[in-house]
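> Read off the chains here:
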Amino acid sequence: MYNNSNDLEIFVERLFANQRKTKEVVELKNEVLSNLEARVSDYLENGMEYQSAISLAIHNIDNIETLIDDNQKVYSYRLRYELVQSTLIYSLLAWICTIPFRFVANGIWANMLFLCIVILSGAAYLSMSRHLKRYDKQTAIINAGKLAKWCKWAWWLWGAFIVVMWAYTFIIQFGSDVWFGRELRIHGPYSFYISFVPYALPLTSIMIPQLIHRASKLTTQLEVKES
Amino acid sequence: MSRKNWLIIVLLLIGIGSIVAVEGFIKPRAQEQAIQYEAEQDDPLTHDIRKSLEFASTYMGDASNLINLNASLPMRDIGRTFQLYPEQLTAELRFQARAGDLQEEKLKQLLVYNSTANFVMIDNLQKLILTFEDQVFTIRRDEVESWYGSKVSLASLRDAATWEKEVQSRLGDSNYVSEYVGNLVKREFL
Numbered sequence: 001m002y003n004n005s006n007d008l009e010i011f012v013e014r015l016f017a018n019q020r021k022t023k024e025v026v027e028l029k030n031e032v033l034s035n036l037e038a039r040v041s042d043y044l045e046n047g048m049e050y051q052s053a054i055s056l057a058i059h060n061i062d063n064i065e066t067l068i069d070d071n072q073k074v075y076s077y078r079l080r081y082e083l084v085q086s087t088l089i090y091s092l093l094a095w096i097c098t099i100p101f102r103f104v105a106n107g108i109w110a111n112m113l114f115l116c117i118v119i120l121s122g123a124a125y126l127s128m129s130r131h132l133k134r135y136d137k138q139t140a141i142i143n144a145g146k147l148a149k150w151c152k153w154a155w156w157l158w159g160a161f162i163v164v165m166w167a168y169t170f171i172i173q174f175g176s177d178v179w180f181g182r183e184l185r186i187h188g189p190y191s192f193y194i195s196f197v198p199y200a201l202p203l204t205s206i207m208i209p210q211l212i213h214r215a216s217k218l219t220t221q222l223e224v225k226e227s
Numbered sequence: 001m002s003r004k005n006w007l008i009i010v011l012l013l014i015g016i017g018s019i020v021a022v023e024g025f026i027k028p029r030a031q032e033q034a035i036q037y038e039a040e041q042d043d044p045l046t047h048d049i050r051k052s053l054e055f056a057s058t059y060m061g062d063a064s065n066l067i068n069l070n071a072s073l074p075m076r077d078i079g080r081t082f083q084l085y086p087e088q089l090t091a092e093l094r095f096q097a098r099a100g101d102l103q104e105e106k107l108k109q110l111l112v113y114n115s116t117a118n119f120v121m122i123d124n125l126q127k128l129i130l131t132f133e134d135q136v137f138t139i140r141r142d143e144v145e146s147w148y149g150s151k152v153s154l155a156s157l158r159d160a161a162t163w164e165k166e167v168q169s170r171l172g173d174s175n176y177v178s179e180y181v182g183n184l185v186k187r188e189f190l
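Residue numbers (the UniProt record's numbering), protein chains in the order written: chain A, 1 to 227; chain U, 1 to 190.
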C-alpha cells in the first residue's frame with residue numbers, strides 16, 4: 001500500500017508541478033490523488049497486477065489545465081499596497097546601485113530616474129498605509145493565470161532586452177577594432193569603469209519583471225480563503 | 001514597525017549617505033584630479049603617452065589619425081591646421097601662435113617630445129614641419145632614428161615604459177634637449 005500511495009503522489013506532484021499553490025489547486029490535487037488511490041485499490045482487489053493497476057488508473061489523466069479556474073479572489077487593496085511597497089524597495093535598491101554611476105551622464109540620468117520612482121512610490125506607499133486598516137478586506141477577482149503568463153513573458157522580454165543592449169554596447173566598443181584595427185585600450189580603473197557602465201546600467205531594468213513576478217506571487221499569498 | 005518598513009528606512013539612509021559621499025567628497029576630488037591631469041598633459045615632462053599610443057598607425061595619409069594624435073600631445077591647446085604632402089610623406093602642422101611667445105626651454109622640450117611622438121606613432125612619416133606664425137621647424141625621420149641609435153628603435157618607443165625611460169625622462173636635461181634641437185631641428189625665421 002505504501003508503494004501504491006508513493007507512486008501516485010509522485011505522479012500527482014508532477015502533474016501539478018507548474019500550477020500555482022492556491023487553495024483551490026491544493027484541494028483539486030488532494031481530490032485527484034484520493035481518487036487515483038481508490039481506483040488502484042479497486043483494481044488490485046479485482047486481481048490486477050500492481051503496475052497494470054497504476055497504468056490503468058493514470059491512463060486518462062494527462063492534463064489538468066481545464067479543471068483549474070484562473071480567476072482568483074484576492075485582497076485587492078492589500079495586493080496594491082504590497083506591490084507599491086515592493087516598488088519602493090526595488091527602486092531604492094536600484095537608486096543605491098546606480099549612485100556609483102553618477103560619474104557619467106547616462107548614470108546621472110538613470111540615478112535621477114530611480115530617485116523620482118522612489119519619491120513617487122514612497123508618497124503612494126505612505127498614503128496607502130494610512131488607509132490600510134479601512135480597506136484591508138477589500139477584494140477583487142484577478143485572472144491569476146494570465147498574470148503568471150505575463151510573468152514568463154516579462155522575463156523573456158527582459159532577457160532579450162539585455163542581450164540586445166549588451167550586443168549593441170559590445171559592437172560600439174569593439175567595432176573600431178574590427179573596422180579600423182584600432183583596439184580598445186583599458187588604461188586603468190577609470191577607463192575600465194567607463195567601459196563597464198554601459199553593460200551594468202541596463203541590468204537595473206530587472207525591477208520590471210521582478211515586480212510582475214512579485215504581483216503573481218502575491219495573488220497566491222493574498223488569496224481570499226473562505227471557510 | 002514591520003521588518004520591511006525598517007528595510008526601507010535603512011535603504012533610504014544608505015542611499016542618502018552614498019549620495020552625500022559621492023557628490024560631496026568623491027566627485028569634487030576626482031574633478032580636481034582630472035583638472036590636474038589635464039594640466040599635466042600640456043607639459044612634455046608630465047604628459048601621459050598611453051593615450052597617444054591609441055593613434056599608432058602605419059600610414060601618414062590617415063588625416064584624422066594624425067589630427068587625433070597631435071590633439072593628444074602637448075601644444076594641443078594651441079589652435080592649428082594640417083597640411084599633408086603624401087608624395088613626400090610629409091606632414092605640416094600650422095600653429096596659430098608665435099614660437100617666440102613660448103619659453104625657449106619649453107619650446108625645445110616640445111619640439112623633442114612632439115616630433116619623436118609623431119615619428120614613433122606614424123610608421124611612414126618621413127618629415128615633420130611645425131610652422132608657427134614667426135618660425136618654421138623641420139625634423140626628418142632618418143635623423144631622429146639615428147639620434148636614438150640602433151639600440152632603441154622608434155617602434156620600441158611605443159611601449160609606455162620605454163618611452164618614459166628613453167624620451168620623457170631625458171627632457172629634464174637641458175643639454176640633451178639643446179643638442180637634439182641643435183642637431184636635428186632645422187629652424188627658419190619668417
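Hints were generated in silico from the structure; no laboratory data involved.
One should not assume that every hint holds.
Stated by the list, open to error - Distance condition first, Cα-Cα at most 20 Å in a straight line; then the derived EDC-like pairs of lysine to aspartate or glutamate: (1) U:Lys4 / A:Glu31; (2) U:Lys4 / A:Asp136; (3) U:Lys127 / U:Asp62.
Said to hold, decoys possible - Some chain A residues flagged as far from chain U (calculated, every beta-carbon gap over 10 Å): (4) Gln85; (5) Ile89; (6) Met165.
All C-beta atoms in this analysis are idealised placements derived from N, C-alpha and C, irrespective of residue type, glycine included.
> Against this structure, judge whether each hint is valid.
To see whether the hints hold, each was checked on the structure:
no., hint, result
1, U:Lys4 / A:Glu31, "violated, 37 Å"
2, U:Lys4 / A:Asp136, "holds, 18 Å"
3, U:Lys127 / U:Asp62, "holds, 15 Å"
4, Gln85, "violated, 6 Å"
5, Ile89, "violated, 6 Å"
6, Met165, "holds, 24 Å"
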